[in-house]
Amino acid sequence: MDLLFIISGITALVILGLGFLVYSRNKKKKINQYFLFITFSVVIWIGGVMGLSFLHELPKQQALILGRIPFLGAILLSGLLFYFSQIFPQRTVLVSNLANLLAFTFCGIFIFLSLFTDLILRDIIFRDTFPIAVFGPLISLFGLIFLALSLSSIAILALKYKNLRRLERRQIFYFFIGLTLSIIGGSLTNLILPQFKLVVHLYQYGPLTVVFFIIFTTFAITRYRLFEIRVILTELLVGLMGIILVILPFVMPTSSLKILTGAVFILFCIFGYYLIKATHEESKRREEAEKIAVQERALRGRAEKLAREFERLDRAKTQFILATQHHLRTPLSIVKGYSSMLLEGSYGKLEEKTKRVVSGINEAIEKLIKLVNEFLDISQLQVGREILKKEETQIEKLIEEIIEELNPSAKEKGIYLKLEVEEGLPKIKLDRTKIKTAIFNVIDNGIKYTRKGGVTIRLKIKDLRLKIIVKDTGIGLAKEEIKTLFTEFFERGKEAEKIYTTGRGIGLYVAKNIIEAHRGKIWGESEGKGKGSTFYIELPLE
Amino acid sequence: MAKKILLIEDEPQQIEIYEKAVKEAGFEIESLKWGEEGLKRLEEIKSKKKEKPDLILLDLILPDINGIAILEKAKLDLQLKDIPFFILTNYSDPELEKTGEELGVEKHIIKTDVTPSQLIKIIKDWFKKRWR
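Residue numbers (numbering that gives the first Met the number 0), protein chains in the order written: chain Y, 0 to 541; chain A, 0 to 131.
Rather than coming from a laboratory, the hints here were simulated on the basis of the structure. Note that the structure is a prediction, hence the values are computed from the model and not measured. We put the CB at the ideal spot given by N, CA and C, even for glycine. Check the hints yourself; a few may be wrong.
Only some residues are given here: those of chain Y computed to face chain A with a beta carbon under 7 Å [said to hold, decoys possible]:
(1) 325
(2) 328
(3) 329
(4) 331
(5) 332
(6) 333
(7) 336
(8) 339
(9) 341
(10) 343
(11) 368
(12) 386
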């Protein structure tokens, strides 16, 4: 009996300690506050049950009042649990306000009834020193309400279960198991079995059933971070165990046992130190990881926003160019109209000198028109517009036309322009005007950057693809240049600037856009500076 | 008899250039500067108040309405749909071009692509082909 008494006392202290620990972790949190209240009610119940053992020493009236305390603890506990189950781990509405009001009203009524009337506990008689309850008429209703509230709490937790995150499920699962076992045990020992008056001292074992609740809740705290007090609880458990182990050697009867328990204590200290350290580190790591995750989410959000904004601006720019194409071209078509008519004598015969000037205007305006057209093409291709007007084209004819147009500038520089064609090239479906622009730009580029020698164009079919190879004997390309050759912002090297200072720099970019719109490929190769360059264009035959 | 060409175009200098070139080529030309004028003209042609032109050169971007509206009105009208249209514009939009094609436009010409004399050649060739 003494041992049972001590264990009951320890149980009460432990659960009270647990309650305060949870409460001190976050005093403002409702869950933590109510967990503390629950531990109070459990302690009231355990204290009341422990007090039953002394009732026989007291006068009848006092004994009756003390004997009613366990009933107070029990009904308080069931009411608190009913509320706690609703807010733990989060409040999700499952119980109507009316049901809550009803439940708490009943609780209040029965607290009053059990303490101040004979309706629940009418009398206490003693067999030896063991008290035996003589129940009042409402004891069945009391039991019913206690069980109804307790079982509802369990049911509410069970209903919440499926909507919870994984970690919370684990927390709630162990909390649930501990609670259920304790309630079943407590009800059996102190409420149900006493009705049959079979074993008179069974009530004493009631407080022990709370141990289930303590063990499972502690497990949920340390293993699944319930109430977030795992670090401190681990420290406390290690500390408690250490105190017990440090006392043991002194109370052991033989010296060999003293040494053994001493060694166990030292081992435990080492083990405990690392356990606490590991718990600390893990908790710190987790906090850092959470912090990093939050930062990362924020950064990613910002990056996505910027990317979207950039895309929007890029699109707006392109749309702007498309929308203003009419305005860009109108003055050009007017200048082109006037100058061509001037040259053709519509406004009277021109002197030779004037004719040369107007021709100059004409040439410049044609270049400008070509440039505007290329800009527009790129803009349309970039917004994903299908602007290709494909037709069956004899490719060598197209290239002959280009050579004819470019021959004057090649001759002027004193370099050659050669075309080598494989026999029997098939017709190929493509946008004649745009492909012409692309190939023109590549050959034109070759001429620009060649001082001596010339440019050779070769046409051949390989693997169902048309290959156009434009090889020059010009200034060649450095490795870094090859990479940026086809980008919008290609800046020509120093050498290129010396040879051709007024180049536009976007010709190859235009070519690339057009070739790729035809599902083709374009790239450049060079053995290095001064060794000429070769450009390859590949187009599918379809 | 000289062919009659109707030009619907808002840019005065452009009008001057095309009128001069067309006249020199021996055609008759009349220019309308507003889209609404074009629509009104179609009505007048329908009620036989005005003569049917042999060709309409139509700009798409007009100060008041989109040239396509004029084209639609003509091509969806049984009495007017045989009037041939050339779109003569500086606005190149593949979708607009497709719309024009579907409505039965004869040619779609970008102004900066051709000189006035090249345009005349295109018109002459087209007339020749049509009346052969």
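Compare the structure with the hints numbered earlier in the document and write down the numbers of the violated ones, lowest to highest. Per hint list: single violation, 9.
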